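Which chain is which? The protein sequence lines are A and B, in order.
So for the first sequence, this note's numbering puts the first residue at 2; every next one is plus one.
So for the second sequence, this note's numbering puts the first residue at 2; every next one is plus one.
Take the hints with a grain of salt, since some may be wrong.
Unchecked claim - Pairs of lysine to any residue, SDA-like flavour, derived with a Cα cap of 25 Å:
#1 K624/A / S50/B
#2 K624/B / G162/A
#3 K334/B / V356/B
#4 K624/A / E590/A
#5 K624/A / G162/B
#6 K624/B / R167/A
#7 K334/B / A382/B
Said to hold, decoys possible - Residues from chain B shown here face chain A by an in silico Cβ test under 7 Å; the list is partial:
#8 A34
#9 G134
#10 V153
#11 I186
#12 A205
#13 D252
#14 A402
Unchecked claim - Which residues of chain B face chain A? A few of them, derived with a C-beta cut under 8 Å, are:
#15 A160
#16 Q206
#17 R251
#18 G296
#19 G366
#20 R566
#21 A579
Think of the hints as simulated: they come from the structure by calculation, not from any bench.
Please read all numbers here as calculations on a predicted model, not as lab measurements.
Heads up, the beta-carbon is just placed ideally off N, CA and C, and yes, glycines get one too.
Protein chains: 2
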Amino acid sequence: MTSPFVSDIPAERARLVWRDACAAAGCPPRVDAVVVPVAEAVGRVTAESVWARRSSPAFDSAAMDGIAVRAAETVGAAETTPVLLDDFAVVDTGDPLPAGYDAVIMREHVHHADGRAEIRAAVPPYQHVRSIGEDISATELLLPEGHRLRPVDVAACAAAGAVELRVRRRPRVVIIPTGDEIRPIGADLAPGEIADTNSLMLAAQAVEIGCEARTTDIVADDPDQITAAVRDAAADADLVILIAGSSAGRDDHTAGVVAAVGSLAVHGVAVRPGHPVVLGTVAGDPATPILGAPGYPVSAALTFDIFAAPALAALEGAAPRERPSTTARLARKLASAIGSDDWVRVRLGRVGGDVVATPLPRGAGVLTSLVRADGLLVVPAGVEGHHAGEQVRVDLLRGLADIRRTIVAIGSHDLVLDVAASALRAADPLITLASSNVGSLGGLVALRDGLCHLAGSHLLDPATGEYTLPYLDRIFGPDADLAVVRLVHRDQGLLVPPGNPLGLTGIADLTRPGLRYVNRQRGAGTRVLLDHELGRIAADPSTISGYSREEHTHLGVAAAVAAGRADTGLGIQAAARAFGLDFVPVAREPYDLVLRTTALDDQVLAPLWELLERHEFRAEVEKLGGYSCAETGRRIR
Amino acid sequence: MTSPFVSDIPAERARLVWRDACAAAGCPPRVDAVVVPVAEAVGRVTAESVWARRSSPAFDSAAMDGIAVRAAETVGAAETTPVLLDDFAVVDTGDPLPAGYDAVIMREHVHHADGRAEIRAAVPPYQHVRSIGEDISATELLLPEGHRLRPVDVAACAAAGAVELRVRRRPRVVIIPTGDEIRPIGADLAPGEIADTNSLMLAAQAVEIGCEARTTDIVADDPDQITAAVRDAAADADLVILIAGSSAGRDDHTAGVVAAVGSLAVHGVAVRPGHPVVLGTVAGDPATPILGAPGYPVSAALTFDIFAAPALAALEGAAPRERPSTTARLARKLASAIGSDDWVRVRLGRVGGDVVATPLPRGAGVLTSLVRADGLLVVPAGVEGHHAGEQVRVDLLRGLADIRRTIVAIGSHDLVLDVAASALRAADPLITLASSNVGSLGGLVALRDGLCHLAGSHLLDPATGEYTLPYLDRIFGPDADLAVVRLVHRDQGLLVPPGNPLGLTGIADLTRPGLRYVNRQRGAGTRVLLDHELGRIAADPSTISGYSREEHTHLGVAAAVAAGRADTGLGIQAAARAFGLDFVPVAREPYDLVLRTTALDDQVLAPLWELLERHEFRAEVEKLGGYSCAETGRRIR
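Work out the full structure, taking the sequences as your base and the hints as a guide.
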């Protein structure tokens, strides 16, 4: 029944095929209705129309503080011909209109004298009277079926006489983690083992949209055990989610299991990440929809959004929640393979009045790309991509006001930026410092193109021995309106395994035969530094094994050394400490922030300049090791 | 200490004054931090930065199904010079890279022969290898302090080695309802009594933004009892909300109580509705912020949004949740008093490619204006209002996609539209039929101005005896591209108290001396019908007592008769039944839907045309009484 390859069905069509398969198999179209007290109905979906049982207000009442009168008795009253009333009643706002009276006069317009009220203007009937039913009339339609109840809705229902409401019960989602290598969160992990973070995430996604979620024990990569777990889960679920094994590899049993326990409607959708998705049903009384989610975390999260969330909303009889969207200028060219919807995570920032979208890493395994994303940009299956600078539509994961208050730094990455981001946020929850790592040169180009507020740079000019400044004229042209603020001085050196087993002492050792080096990408300041140091000793880069192997971050270099994939690489001391490596100092360099002069007074950046002056911040940075704050905050251009 | 009048402090300034007063009184700036398991941390706010404790993935792994090889051994492989490998390992996606291997070749590119793998292309080192730390590197900053955790965030934290997270505990809100006339929800209400719907709403608003909420018993309008309740609540709360009594009337004790138990920072803000707000603190160890909310429900709800929500977010150390916004074309002129921010509730609809905003009733007591609102339009204190057709910014209360799928009907209201709205929604949760009642003539003008899809009309032309059609040329000019679809025939008649105590038999009785009539507004079809019927018997409108008294709906007329404010009014039978009134038939009239011919094929309207053909729908309408569906769905122009 199951094919060895996964197909590429468009997402919209996959949803319809699954929906029809569920209907054909006898899955209930809606979860049951339950009757709950109004106070417990918030967030739930109405299972029937709500008609007002009584009017609100239920009586005529005073809309002002003052006196209730008979309007007819005020006829003829004017400044020169005041009318004196014996018959009136003092009322406060909200008081029922006493029987026999039909208007209210504000207390500011009444003069009391000898127990009588002096009126200097005639009033029409029903002046300042709040009528019965002004808000809600009995028998009026208050809410339709399929409405997700908000606080104001339940209050209005209660005002209209409802004590209980008929709503859909919460859909129940049962999540089944599978995989021989998967361990519960908190368990010690042996090499090759992975913590079950997907169940945690999917359960939280289900709860977030108003469902109940339960996760079963982890099931081994065994078709019989998976089959048993699926049958068991389906008996108690409105939707079963089976994690991993949804592709067509040796240990991918999901499609086969689903075909065996019910019907396999879809295997593979034209969505990336997320491609190997299984959609089907589990036979039973009633039958139950099942979703096979890929094990890569970004795929799992998006699969929930694209397939589970609409299915669960339909079970409640409600429209799925929708993300707000905005348009943004694309920071760089974005290629996309024809044939699949490409869900690209982007960072957003407001630079010079424009919202700019910068694509994040696109790997299905890079969950931090979702964590750091401010929005999702979907490149439809029929589109090859977008040009740099193109206006694109982005679904928002973070509020636009937040995004407008975000300091956008693109360029070389340094741990000090992370420390600054944390300190800024701790002081004021409204401030975000978002930094993207593309190397020093990439950052300067991004600044030139209006994509960021700040470019972090430590580019050495070999000709002059100066850092960063000589590059500015080349990239921005002469006399550009640029400011340069020193963030920190830092040590660069060789990251080596603990104990420095090869006894490396400096750059000259890198040409040793058999030594495996790991380099940084072109445009990275650390790479320029290496080339400069090699030039000083007249060493030929081609003699270094691994010179052409590139990592994009200090931490990436450190990770390669820690994993034994390389013997050494050039990087900062903080990266060495992160992976428990030793450090052989090579050079001390300045790390600077480049920005437009006009941005110096930008409100958004003000908190950063204040932070750089703070003693506690500088102390925290120097405590990291390998840093000096002697010139921190100094404007050097 | 307290003034007899409330002031008009701008909202932004009131927030700052309150914040400073809280700080001065010793209110804690943040709620305490607590350590919770990652699974329970979703929705909570980080109380410290989260740094990665381990890398994810924690090992190099295969990124494809295939074989692990030593890249060096593939050098020279090509189509014409294949290389045969003895030394390889079969791997699936996600498997750890076996020791000694440094690249993966996809299984599609491997030919197995005699236990050896034939390779026809050289591969570089680390091809299809997912590196240690690709997602997260140990010691990397994962999340800053003050971040509200989403499902992807907790999953990433768990992947980075976190089992527990340090987050802010939920702020505790204690709500104190006050008022002699207030009764618990569900209690029988004597005349003049009001159900305590505000506590329900405010508690739900607090829970919605992540707080815990508790409501005390209802407290009488007595300063001593209120004082005791406030002291008691403050001992257990991060914010106390005292409902009603916040103005300066006889029973308004909030300002006085707050001044007595702590400090009164603000009494009265320049926000409408919401003006009489009290902001202050309750002394104690520590002190507690207190908000005195007005008793009008719209004021109470907005006061929470404007003052309580930002204060509670600050206690969590997070940015307040933010509503998405859009721009819309204003349907009609909107006047606003200078001096106060005016929070106007609007309906939104997409008509002819444009999002159109129609202001809803602005009374502080009309909670249904919030229930029915799709957005909030704030007219700032310094602005006098907006012109019709002006582009305005609207904060969204409903998703734009929902709004785009909404059928917008403006004009005369009929219960059949409510029945249709319910039936459409029950069939498809994605469909909304929103109808606004402005009378038949107002509806036709709205259609002319591009503000709605449909205008409901039952306008009689006295000259011809024809309904609606003769008006179209007058309003739209000759040969306008209009279609008219019959919705229903319905009976109009006199609504009279049960038993018809005055023995009314028809329109001629309305001129009886002393009889109190209640009329509909100018432009309402029912008013035109009255005038026509009066003309037929040559009766002078000025002889009818109450002719100039206007209600805007059938239900409003029925409510006036039911409350004894009028003896009779002209309306539909359904309105009589709603208020338990008797009905004296006067005329049978057609009620039609007018629309642009181009809109006939609009996707948005298709479900309505289908509904009108359905037998069950027609049966349901005729069961209401006073309706005939003999011509329902027929196009009469």
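Structure-based check of each hint:
1. Of the pairs offered as hints, the one joining K624/A and S50/B holds, with about 17 Å between alpha carbons and a cut-off of 25 Å not exceeded.
2. Between K624/B and G162/A the alpha-carbon distance is near 24 Å, which keeps this suggested pair within the 25 Å criterion.
3. The straight-line distance between the Cα atoms of K334/B and V356/B is roughly 16 Å, inside the 25 Å bound, and the hint therefore holds.
4. At most 25 Å may separate the alpha-carbon atoms for a hinted pair to count; K624/A and E590/A meet this at roughly 18 Å.
5. Between K624/A and G162/B the CA atoms are separated by roughly 24 Å; this keeps the pair inside 25 Å, and the hint holds.
6. With a C-alpha separation of about 23 Å, the suggested pair K624/B and R167/A falls inside the 25 Å cut-off, and the hint holds.
7. A C-alpha spacing of about 17 Å is found between K334/B and A382/B, which places the hinted pair at or below 25 Å, so the restraint holds.
8. At its closest, the beta carbon of A34/B sits 12 Å from a beta carbon of chain A; the interface hint therefore is violated under the 7 Å criterion.
9. At about 4 Å, the closest approach between the beta carbon of G134/B and any beta carbon in chain A falls short of 7 Å, and the interface hint on this residue holds.
10. The criterion of a C-beta within 7 Å of any C-beta in chain A is met by V153/B, whose closest approach is roughly 4 Å, and the hint holds.
11. Given the 7 Å rule on beta carbons, the hint for I186/B holds: about 5 Å separates it from the nearest Cβ of chain A.
12. A hinted interface residue such as A205/B counts as satisfied when its beta carbon comes closer than 7 Å to some beta carbon of chain A; here the least separation is about 4 Å, so the hint holds.
13. Because the beta carbon of D252/B sits about 6 Å from the nearest beta carbon in chain A, less than 7 Å, this interface hint is met.
14. Hint status for A402/B relative to chain A: holds, with the closest Cβ pair at about 5 Å, below 7 Å.
15. For A160/B, the interface hint holds, since its Cβ comes within 8 Å of a Cβ in chain A; the closest pair sits about 5 Å apart.
16. The interface hint given for Q206/B holds, since its Cβ lies 5 Å from the closest Cβ of chain A, which is under the 8 Å cut-off.
17. For R251/B, the suggested interface contact is upheld, since its CB lies about 6 Å from the closest CB of chain A, less than 8 Å.
18. A least Cβ separation of about 7 Å between G296/B and chain A falls short of the 8 Å threshold, and the interface hint therefore holds.
19. Because the smallest distance between the Cβ of G366/B and any Cβ of chain A comes to about 6 Å, under 8 Å, the interface hint for this residue holds.
20. Annotation: interface hint on R566/B holds; nearest CB of chain A at approximately 7 Å, less than 8 Å.
21. Taking 8 Å as the C-beta contact cut-off toward chain A, the hint placing A579/B at the interface holds, the least distance being around 3 Å.
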